[in-house]
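Colleague: Listed here are the chains, written in short residue letters.
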Amino acid sequence: MSAVTGEEAEPLAAPTSPLKDFWKRFSRNRGAVVGLGVMVFVIIIAALAPVLYPESPWRMVQRPFLAPFQVPGFYLGTDTLGRDVASGLVHGARVSLIVGLISTLVALAIGVPLGAVAGYFGGLVDDAAMRFTEFFQTIPSFALAIVLVAIFQPSLTSIVVAIAVVSWPPVARLVRAEVMSLKRREFVEAARLAGLSNRTILVRQVLPNAMSPIIVMASLMVATAILLESSLAFLGLGDPNIMSWGYMIGASRTVIRTAWWLSFFPGVAILITVLALNLIGEGLSDALNPKLARS
Amino acid sequence: MALLSLKNLCVSLPKGADRTFAVEGVSFDLCAGEVLCVVGESGSGKSMAANALMGLLPRDVAVTAGTAMFAEEDILALPETAKQRLRGARIAMIFQEPMTALNPLMRIGEQIEEAFDAHGVHEGRHEKVLSLIHEVGLPDPAQIARAYPFQLSGGQRQRAMIAMALALEPEVLIADEPTTALDVTTQAQILALIGKLRRERGMAVLFITHDFGVVAEVADRVIVMRHGKVVEAGNAQTVLSAPEHPYTKRLLEAVPSDVVPDAKAAEQGDALLLVEGLRKTFATGGGLFREKRVVNAVDDVSFSIGRGEILGLVGESGSGKSTVGRAVVRLLEPDGGTVALGGQELTTLSPQLLRQARRRVQMVFQDPYASLNPRIKVAGAIAQGPIAMGTPKKDAYAQAGQLLETVGLDRGAADRYPHEFSGGQRQRIGIARALAMRPELIIADEAVSALDVSIQAQILNLLRKLRDEFGLSLLFITHDLRVAAQLCDRVAVMQKGKLVEVGPVQDVFLRPQHAYTKGLLAAVPGARWRDAAVAA
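From first to last, the protein sequence lines stand for chains P and F.
Numbering-wise (our numbering), the first sequence opens with residue 1 and increments by one.
Numbering-wise (our numbering), the second sequence opens with residue 1 and increments by one.
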């Protein structure tokens, strides 16, 4: 047998920047770009809250029940006690974002390692971890969150912890499934043959390849966490010292027929933020899983 | 008078693809009762040409020019409804993977009946289905008609696909790599079946394949395609024995020949790897109400590999050959038996000692896409093993650069990610990664099966070169007997978990003892095994 002489016929593909490539795929989804724009706007507003409204949102600044656009400077009106609704919205954005972000990070910190270990080692470890996860999944998550916040006294920390505790099980399940399919790939076997330790293989070889679905899920979890925080605050289980969107709606529900703007504007704020996060999540999913993307 | 006459077919690819046209200016005539083979390597556009004829092109891919005259109509210009009437009834198609081409939730009989349904044939459907199933050589038609696809073997499924394609007695059958996913003995049966149907029904067959052995077996005429263009067309005999175009010549030269070379005699008494009584059983199912199903994947297998020797482990899919390879390095824990590498027993080592010992045995995997971590640069992939073994990072990376040159790649490849490389180049990287550990034995599990024939030839040459340079031993696991004949010193044949024959390559290929080996060798398409000394 004689071989084809010369170098391989196929030339090297031109190197493409992965970041540029990612943005190209992400921006193909128009909704995602809009969502990203809205999210950037919300973040800027939240960051500039002390500049835009230096005074505490709890301070009574005008007479109560001021309708929107009645008095210059109070374009969104005032609430039952004469507090500025616009100021509440801007400061509430900070709380929503902080709660959404931190509780998601905490949930990832619990769910990712647990799911990864369960998926990678399998057997008894997997059984133990998954039964533990199911223990949390069998309890309705909102009920559990209420109980946790009620036990630990409502505060920013207890709310974040409660939301994290009820939202990590799906993360663990997702990571476990991803790891289980990845650990059978040949590059993992090659790494085992190369004498890499289980920890190195899991952290360096397997998990980076499971990042895409985790990122997508995390973006949606931030949205869910914001909703959860609002629901808790609506029920009066918010941190009493912090203005939040949920608290604003909850506090004004008794006057919803006479002062619609008190629950309407925070409601719209929640709707837009959560929608934006969902759009971003969908765009990320398209951009990170090119195979699943709708052409 | 040609039945189907294709003129100047052009199929455009979407923007950003590696070329503008998938198929460019392809013309051919297909006559009744003729088998026309379209041969080419992956990406040559051969399947696209067939899909264009059937109107099955993916989105973003469109026919931009050309005519296909069939029964005095240009089928490329027909409206979709007219194409639907044509598809299945007068032009039928069978696909590569019979498992995915059949609906898993429908009984075989119903799926065949669907073809009649779609074209408004209602009378005597059931009898027709049964006679079709009988015609494609499936046993017990009534039972097969009631079976679901998962209850059939790969070859039986492909026969069912063929029965479906034949339902309305088409004049043209397009077969897109119909035997690529099948074992060699099953492939021989399917090829014989297609040949028989062609003769009996006077059907024209457009046969798409990458395998020149299959071409030699079935083709009347051949078209060789490359980069979407036809480079050579002519009688099968002429093209195969006296190719004109340099590309065809190169392709044919790269095909592993059926002349068995005289292997160098292995030095006796110097076994590097000694496997004795290896066993591995897989148990599936099992529970309160179900009995466990136990499969003896590897059943009492013993063999040895000398230093610098290449042992080929051949067998059909499911014979347990890959399980042997994985059990030797304990990627799977064997259930019994011993594996000794240069006197060191591997099966009883503790995890820590095993990690040290594994440095001496490395693997090269089948799938060049799954075997490299897409998130790790090539240099990192090669250097990870030595670094884990304590080599300083800088030295490991310098060594990785050298190894890339050893396997015939540029040093610059080190800073790139795997997705920037072609299949053959990735396989070279996989070999470099194995070499980085300075192993004594490399287990190559179907290492060239996923590659085009010209790339395959290069990788085989590289393996041979490495054996000579580093005195490496090789356990070469393959289903491809032609490749095994060319590369291996000794060959071991596996069937259903058992080793049925082991011996020097010439003995096994030219004077097979076991009936299974004989059958296997006879089934290889287009091969008449000859001794190198005699053939010369």
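Possibly wrong hints are sitting among the right ones.
To be verified - Heads up, incomplete: computed chain P residues facing chain F, CB under 8 Å, no partners named:
1) Thr157
2) Glu186
3) Phe187
Hints listed in this document are in silico derivations from the structure and should not be mistaken for laboratory results.
Note that this is a predicted model, so its numbers are computed, not measured.
C-beta atoms are modelled at their ideal positions from N, C-alpha and C, and glycine is treated no differently.
Colleague: All hints are to be evaluated individually against the structure, with a verdict given for each.
Modeller: To see whether the hints hold, each was checked on the structure:
The criterion of a C-beta within 8 Å of any C-beta in chain F is not met by Thr157/P, whose closest approach is roughly 35 Å, and the hint is violated. Here the hint on Glu186/P is kept, as its CB sits about 4 Å from the closest CB of chain F, short of 8 Å. Interface hint status for Phe187/P: upheld, as the beta-carbon distance to the closest one in chain F is roughly 4 Å, under 8 Å.
Hint 1 alone, counting from the list given before, is not met by this structure.
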